[in-house]
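A.B. asks: If you're matching them up, the sequences are chains U and D in order.
The opening residue of the first sequence carries number 0 in numbering that gives the first Met the number 0; numbering runs sequentially from there.
The opening residue of the second sequence carries number 0 in numbering that gives the first Met the number 0; numbering runs sequentially from there.
What you were told as hints is all true, and nothing was included just to trick you.
If chains are identical, the list can't say which one is meant, so a pair holds when it fits in one copy or spans any two.
Under the rule of at most 25 Å between Cα atoms (straight-line distance), these lysine-lysine pairs were calculated in the PhoX-like manner:
(1) Lys266 / Lys177
(2) Lys266 / Lys189
(3) Lys202 / Lys266
(4) Lys205 / Lys177
(5) Lys114 / Lys93
(6) Lys11 / Lys205
(7) Lys189 / Lys252
(8) Lys30 / Lys177
Simulated from the structure, these hints should not be mistaken for laboratory data.
Protein chains: 2
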Amino acid sequence: MPLDDFRITSGKRFRLADFDPGSKPLSCGKKEEDLARIIELSNALDAQQDIFYAEHRRRLLVVLQGMDTSGKDGTVRGVFRSFDPLGIRVVGFKSPSPEELARDFLWRIHLQVPKTGEIVVFNRSHYEDVLITRVHNWIDAAECERRFRQIRDFESMLTETGTTIVKCFLHISRDEQKARLEARLADPEKHWKFDTNDLAQRKHWKAYMDAYEAAIMATSTPECPWYVVPADSKTHRNLMVAEILTRVFEDLKPAYPPARPELASTKVD
Amino acid sequence: MPLDDFRITSGKRFRLADFDPGSKPLSCGKKEEDLARIIELSNALDAQQDIFYAEHRRRLLVVLQGMDTSGKDGTVRGVFRSFDPLGIRVVGFKSPSPEELARDFLWRIHLQVPKTGEIVVFNRSHYEDVLITRVHNWIDAAECERRFRQIRDFESMLTETGTTIVKCFLHISRDEQKARLEARLADPEKHWKFDTNDLAQRKHWKAYMDAYEAAIMATSTPECPWYVVPADSKTHRNLMVAEILTRVFEDLKPAYPPARPELASTKVD
Chain U
0 MPLDDFRITS GKRFRLADFD PGSKPLSCGK KEEDLARIIE LSNALDAQQD IFYAEHRRRL
60 LVVLQGMDTS GKDGTVRGVF RSFDPLGIRV VGFKSPSPEE LARDFLWRIH LQVPKTGEIV
120 VFNRSHYEDV LITRVHNWID AAECERRFRQ IRDFESMLTE TGTTIVKCFL HISRDEQKAR
180 LEARLADPEK HWKFDTNDLA QRKHWKAYMD AYEAAIMATS TPECPWYVVP ADSKTHRNLM
240 VAEILTRVFE DLKPAYPPAR PELASTKVD
Chain D
0 MPLDDFRITS GKRFRLADFD PGSKPLSCGK KEEDLARIIE LSNALDAQQD IFYAEHRRRL
60 LVVLQGMDTS GKDGTVRGVF RSFDPLGIRV VGFKSPSPEE LARDFLWRIH LQVPKTGEIV
120 VFNRSHYEDV LITRVHNWID AAECERRFRQ IRDFESMLTE TGTTIVKCFL HISRDEQKAR
180 LEARLADPEK HWKFDTNDLA QRKHWKAYMD AYEAAIMATS TPECPWYVVP ADSKTHRNLM
240 VAEILTRVFE DLKPAYPPAR PELASTKVD
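Just chain U, with the same shape it has in the complex (with noise of 0.2 Å):
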């Protein structure tokens, strides 16, 4: 199963160098073929979710990271839209207020945590905390080995409680990013989605991909594997975010709580 080869559970041969942007490893060559599989898997993903939350037993965090325009919201509309409201809740993550500086960089994050029966998408993380902090050395290398320790015990500590962990990287190339920034320019109604600083980050490019390296290598585990998404075809990437959380689900396999037996003689008045 070609999904293995982009799911990262240790960080010893990691090399983010080896995974291109514009592969599309998943994909069957055949894009209306692509597009109807995401239907597909999107479905059978709802009726999962239903069953997942009537067990109310469990919780999943999905962390989206990328670079900007790397296609985290886009994500989210592509896989996620069809799920029911009630068992779905994304979390976007800006630039902290002063009330969240004032803790720990997990605090905000903790608040956000799914709790059971829930599904919570994070679209960007405390894993900003590693990677914008550490290419402008507003931290330097000591903070980030700490805070990638400190990382590692947080998410473990989440998933020995009950809550299932699936990280993706959405991976764009320089050149795709380029292409969809000047898409946004030349179509006035994208500009409300044009950001300046995204040209100032765009700069960093090496430096970001080396600090998205650093951090895979750092907090892949077997329980909180990082996927690395080619995301520069939209079908793609959400094929395989939709192929990565098919997955998830057969491993976690929910059921719906067992029938209580004293209600089959309850009467309604």
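Take the given structure of chain U and dock chain D to it, following the hints.
C.D. replies: Just chain D, lined up with the frame of chain U:
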């Protein structure tokens, strides 16, 4: 337009008995056509929501109230499921926790109000604090009147600061509730939804209807109207809620933020 007849903007002439839970005022008479109309409205609402989110200027709060089994979850599923999860958030309010009880009854509500560009659906709300509490005489008439005023003041502050509030009472009959509870008892996969407390509350049906009537009378204003939604038919319930939201967006007229001329000359390196 018949919708206006179900929109309560003043308590003066309101009588709950004037509304038949079994009626289907917005139905065309053919279930299949009603279902097709819901999908049509739901898709149009989804498009409006995208623009509302892009506009990033106003907020929308939808309050769903109703007796057990009245279809609050089903409305979320039937009307809101095609929405992009990025722009909608569903908040369920259950029995308050000790942390919540240690504050005023509006504290936990205020924490969950929508932010700019966001649509939030409350599955139950601050109205529980003038319903179940009043039915069981946990608060007296004077306290209930005080809360009505506090609710009016709170909602009016939210409205003045940019939030549109839409309140829907999903109105079912006692007989229809009986049928729905019996259906849950008959289906082992639905046992997880069955709460024996529902049977206890059911005994107070008349007191609940009086409490709903009093609450709607006291808190219906032109800015924060209540809608009484005949909900014995699930299809009609979804149809009416979809029509109500369509009307809301027709009034709001969300628009993309203006194009930014300075971006015309921006180059991506």
